[in-house]
Amino acid sequence: MIASLRTKQPVVHCITNHVVSNFQANGLLALGASPIMGDAPEEAEELALLADALSLNIGTLNKVTLNSMIVAGKTANSKGIPVVLDPVGAGATSFRLTAIHQLLEEVDITVLRCNAGELAAIAGADWQAKGVDAGQGNVDVNEMALQIARKYKLIVAVTGETDIVTNGEAIEKIPYGTPLMSSVTGMGCLLSSVVAAFLAVSLVEPMVATTEALRFYALCGEKASEISQRPGSFQFAFLDELASTEQGIDNEPIRLEEDVIWKL
Amino acid sequence: MIASLRTKQPVVHCITNHVVSNFQANGLLALGASPIMGDAPEEAEELALLADALSLNIGTLNKVTLNSMIVAGKTANSKGIPVVLDPVGAGATSFRLTAIHQLLEEVDITVLRCNAGELAAIAGADWQAKGVDAGQGNVDVNEMALQIARKYKLIVAVTGETDIVTNGEAIEKIPYGTPLMSSVTGMGCLLSSVVAAFLAVSLVEPMVATTEALRFYALCGEKASEISQRPGSFQFAFLDELASTEQGIDNEPIRLEEDVIWKL
Amino acid sequence: MIASLRTKQPVVHCITNHVVSNFQANGLLALGASPIMGDAPEEAEELALLADALSLNIGTLNKVTLNSMIVAGKTANSKGIPVVLDPVGAGATSFRLTAIHQLLEEVDITVLRCNAGELAAIAGADWQAKGVDAGQGNVDVNEMALQIARKYKLIVAVTGETDIVTNGEAIEKIPYGTPLMSSVTGMGCLLSSVVAAFLAVSLVEPMVATTEALRFYALCGEKASEISQRPGSFQFAFLDELASTEQGIDNEPIRLEEDVIWKL
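Residue numbers (numbering that gives the first Met the number 0), protein chains in the order written: chain A, 0 to 263; chain B, 0 to 263; chain C, 0 to 263.
Do not take every clue at face value.
[To be verified] What follows is a set of in silico ranges between Cβ atoms, one per label pair, in the way DEER data are often shown: (1) 77(B) - 3(A): 51 to 57 Å; (2) 77(B) - 243(C): 47 to 53 Å; (3) 226(C) - 7(B): 28 to 34 Å; (4) 139(B) - 243(C): 54 to 60 Å; (5) 228(B) - 105(C): 50 to 56 Å; (6) 225(B) - 225(A): 21 to 27 Å; (7) 226(C) - 225(A): 18 to 24 Å.
Don't read these hints as lab results, they were simulated from the structure. Please read all numbers here as calculations on a predicted model, not as lab measurements. Built from N, CA and C at the ideal position, the CB exists for glycine as well.
Put together the whole structure using the sequences plus the hints.
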């Protein structure tokens, strides 16, 4: 799938936060996608019309960019391109949680990409987040993911020590990656747009595309951690891996494996 | 010219997009210039008054920053400092194209620094852009650049496989650089402010200053590509080269060469 | 102190400029802190309530983020967490200077972290700044710092060739660091939030915490300069050092040394 992504070079429209916008654009370019980062309501519709996928991220949300997201989201829906939502720090403030619910109601989201703490906030579950980081809790993450996937009819991708992807029926687990990935700001944000780029080249199988995106990303993380174990240099080793990792997918497809899927 | 730039350390006021603002500021610092990045209308005039050059970039434009650009641009004009406009994604939305034409009409732009797709959008020519990237078309880029340079009485610098610089009379070609430069977000944006910094130390010869800026930049790209061929590490190797490349200009001036200029 | 910081992982709420927000978040993560970067007035109060320290930076200030800063600052005060103010380019515009005075009056600032030019602007002293950089002047920086510390009842930390920290009574001098630190944008901005993180784990001794933060930071700079003398690679070597430098503080505390304190 990465090979066809690099051939197609899908245009990914990102409405994202100013903390990670550079890293996200560089990550998409390294991957082989073509980022558009405009976030003004004045051009949200036209930019979404140019795109092959839309990636929404509420990391430094305000009323203006929320408006852009609604407009771009509806445009993406009418055009039939995938929409990924990254609900950064979902439980941190009522403004964020309200915005997420508005987005989930007014826009047809294809994939919700989050961490366990954000998922718990959306589900209204008991969870102790750490600022905008994942934190910890006693809720069953698999169960929460399944519920949210069914409730909103979308794919939920929860990253953590073991990533999970579910469409509300099957759950795929991705036990790869490295803890170093949480030492770089925007690793989750960039992943969400990488998922958008993978969806753009395989929208007919969004569950497969999402799972492959997470596997590819985790593999890049593991390879970069062989270059450096320190966050500054790891960050750029990771961008390098996004550009050069082949994953051999076209020869030997990494697909949903029977042993890690369990039907419900 | 780079030596006098490092001695004078010109203050370059950048009103730019949040995707590249960090890279642009770091690039200017590495070069030896002194960046000011404030973009609020509340201080646009005062910041422009402190500057030796103004660099405008519409990458994540909105109504507020457009207003800042107009105010800063008029201040720069009244003060007689150079103004560089980078019309990022010119053809992507009507908001951008309208803003560019407003800037071209209300502000005396010294150099328009763009890619072929953006130039085509400004010229109203038939061109297929790829999101906000250059894309391709059948129009003669040289001819377009000459027309725009004459129409708006400015210098047009179009980057691509071979860069061109024209004042509407002569065309200088710069066949240097590396394709890696398009794998890092903001390489064009940073170039536009590097042009502004070069203009600040040689405003009497803007055509020469622009051409030297593009040559210097392309040379830094080539040198960085000898350090790394991968986008993450290339990005920082490039900043390193901006800081250390001497170009031997003072000993052996790189100036407009007769053989690559053709009078019209 | 760095060991207890890494154990406690304090949440630092940063309302900062878009040029350095990525570097600041990555620096805090590398250090072992947990950054929150939301800057909208809609959530300023709730985010500050989640935080262990607040870091305010006016680098690309506008009316909206100034409002966020006031709200978050008052919330931090009522909660009793430390507040660090970084008055970037204080003397550059009247908008900045007015905003700084408003913040100093309406919010109880714990530490003012600035360069000599910014301090002079706040003090109303005669000084020639270079854009938003420090510049130079004939005023006695020690005397200015003492005056401002007494006037606003806060700690003043002025960075430069030799850093100074004063609470209006004692002055601590930190003659470490490397000139390379001024070749990377946001080094001062990140330092301000590092001070906030140190304060969060030692609020009872803010003078000690601030001094240790500056020493730790300068030490990381010196160590990174042994990795690279060029600004691109230095930047990431510096993040690496923030993550790995131990400083042996817990075994052999780096505290206010008698020989560098002089009582007034």
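Legend entry - Hint check for residue 7(B) and residue 226(C) - Cβ pair distance inside 28 to 34 Å: The hinted range 28 to 34 Å holds for residue 226(C) and residue 7(B), with Cβ atoms some 30 Å apart.
Legend entry - Whether the CB-CB distance between residue 139(B) and residue 243(C) falls inside 54 to 60 Å: holds, 55 Å
Legend entry - Distance restraint evaluation - residue 77(B), residue 3(A), Cβ atoms, bounds 51 to 57 Å: holds, 54 Å
Legend entry - Pairwise beta carbon distance, residue 77(B) to residue 243(C), judged against the given window 47 to 53 Å: holds, 51 Å
Legend entry - Verdict for residue 225(B), residue 225(A) (Cβ pair) under range 21 to 27 Å: holds, 23 Å
Legend entry - 18 to 24 Å as the expected CB spacing between residue 225(A) and residue 226(C), which holds or is violated: holds, 19 Å
Inset, instruction - Using the Cβ atoms, figure out if residue 228(B) sits within 50 to 56 Å of residue 105(C). - result: This hint holds: roughly 53 Å between Cβ atoms.
The structure is consistent with each of the numbered hints, conforming to all of them.
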